[in-house]
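Q: Each chain, written out:
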Amino acid sequence: DAGITQSPRYKITETGRQVTLMCHQTWSHSYMFWYRQDLGHGLRLIYYSAAADITDKGEVPDGYVVSRSKTENFPLTLESATRSQTSVYFCASSAMRDEQYFGPGTRLTVT
Amino acid sequence: KQEVTQIPAALSVPEGENLVLNCSFTDSAIYNLQWFRQDPGKGLTSLLLIQSSQREQTSGRLNASLDKSSGRSTLYIAASQPGDSATYLCAVKEGGGSQGNLIFGKGTKLSVKP
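Heads up: the protein sequence lines correspond to chains A and B, in order. Just so you know, this note's numbering puts 82 at position 82 of the first sequence, and the rest follows in order with no gaps. Numbers given in this note's numbering equal positions in the second sequence, counted from 1, plus 1000.
One chain only, chain B, in its complex shape (with noise of 0.2 Å):
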């Protein structure tokens, strides 16, 4: 059974600093990778989606990398902004039979300090 391990569970960084945030799966046959954001009390937003067969997604200042064999996603944050804060959610698609539902981790609570 898949599982989405996200470490760790809650992050804070002061304003500008550059940071990383990791996302883990045990089983490697995946179809994509989705990046997640959500606000409190809020519904969740799509970052970044990267294709098994890709290996980084960009967008503005965020960079999605996936490294399949190794079951690992990094989401990187480049020049933090308080306004970053909140929940980040990764999630895989299975690959095979299943038709397109998620399994998500529990996600890491970010903080970002002025």
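Same shape as in the complex, but just chain A (with noise of 0.2 Å):
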């Protein structure tokens, strides 16, 4: 029963590096979502995917890139980090329009 998982919990890299962030359900809900939570601005939406093949730009989407050619699986990559991209990130699923679950978060610091 595990869930919704992240990986890496924890990720220290570079100014300019790519980096991605995975993101698993177990629950085959057909949405998925990569938030960041920073303090003064809560939690803002990056991406979503509505199915497999299917997904859309949230509120804060430069500089990130996702894909979804698997339902249970919704990486997201940095394809060049930066300082602003420090952040707590958060993926989460529902089914449908209903409850959204979220993951434990991924604290990412870009030196």
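It is possible that part of the hints are untrue.
[Claimed, not checked] Pulled from the structure, derived: some chain A residues nowhere near chain B, Cβ distances all over 10 Å:
(1) Ile12
(2) Arg44
(3) Gly63
(4) Ser69
(5) Thr77
(6) Glu79
(7) Arg83
(8) Tyr101
[Stated by the list, open to error] A short, non-exhaustive set of chain B residues, derived as facing chain A with CB atoms under 8 Å:
(9) Ser1046
(10) Leu1102
(11) Phe1104
(12) Gly1105
[Stated by the list, open to error] Coverage of chain A stretches by chain B, computed from C-beta distances (three or more under 8 Å per stretch; other residues unrestricted):
(13) 23 to 29
(14) 45 to 59
I should point out that these hints are in silico values taken from the structure, not numbers from a laboratory. From the three backbone atoms N, C-alpha and C, an ideal C-beta is built for every residue, glycine too.
With the hints as a guide, bring the two chains together.
A: This is the structure:
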């Protein structure tokens, strides 16, 4: 009963490097989401996906890329990390328009 | 653009007290509203989900109400305990064309003192 998992839980990377955050859910939920949480801004949506191969931008998509080739996975890639992308990243999933369930988060530091 | 506000930003109460957390939103055309709890350094735990057609939901010592017309929701916590200390977030899911993303408030940090 793993639910929704994220890896890595902590990551330190350098400016300009590419980094991928992984998200995996075992419920076969159709919807998956990526949020970032920053002091003063709260949680903001980066990208979401309504189904495999269907993705759409959220409020703050610049500098991020997503893909969803399988229903259970929704990786988030920072193509060239910047210090402003230092944040805590949360993945979430839901069945249709119902309750969203969140993963434990990935704390990313870009130096 | 939908905005969600939670007041107060922080609240400290003695153990055993009943308390109310407030959430307001600017656009009443919501699909549902969800209350979450977040412990320091942890993810979000869903507490209650209220559909737009509902007025309230209850789970144990928690009761959430929704008044769409006034753009308000409250989370009532009965007989508070130190273990209730956490940040409480409300989030609305918009109706209309958006497919399922949530708009979050910035949270109320609750401290329950023994």
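Q: Does each hint fit the structure? Answer for all of them.
A: Status of the hints after comparison with the structure:
Residue-level check passed: Ile12/A sits 16 Å from the nearest beta carbon of chain B, beyond 10 Å. With 10 Å as the threshold on Cβ separation, the claim that Arg44/A sits away from chain B is violated: the shortest Cβ distance comes to roughly 8 Å. Its beta-carbon lying about 18 Å from the closest one in chain B, Gly63/A satisfies the requirement of being farther than 10 Å from that chain. Non-interface status of Ser69/A relative to chain B is upheld: no Cβ of that chain comes within 10 Å, the nearest being about 19 Å off.
In this structure Thr77/A is separated from chain B by more than 10 Å, as the shortest Cβ-Cβ distance comes to about 20 Å. Look at Glu79/A: its CB is around 22 Å from the nearest CB on chain B, clear of 10 Å, so calling it non-interface holds up. Every beta carbon of chain B lies more than 10 Å from that of Arg83/A, the smallest distance being close to 21 Å; the non-interface claim holds. The claim that Tyr101/A lies off the interface is violated: its Cβ sits roughly 6 Å from the closest Cβ of chain B, which falls inside the 10 Å cut-off.
A distance limit of 8 Å between C-beta atoms decides the matter here; for Ser1046/B the minimum to chain A is near 6 Å, and the interface restraint holds. At about 6 Å, the closest approach between the beta carbon of Leu1102/B and any beta carbon in chain A falls short of 8 Å, and the interface hint on this residue holds. At its closest, the beta carbon of Phe1104/B sits 4 Å from a beta carbon of chain A; the interface hint therefore holds under the 8 Å criterion. With 8 Å as the threshold, the beta carbon of Gly1105/B comes within range of chain A, its nearest partner Cβ sitting at about 7 Å, so the hint holds.
Restraint check on the segment 23 to 29 of chain A versus chain B: 0 residues with Cβ-Cβ distances below 8 Å, three needed, restraint violated. With a cut-off of 8 Å between beta carbons, the segment 45 to 59 of chain A has 5 residues touching chain B; three or more are needed, and the interface restraint holds.
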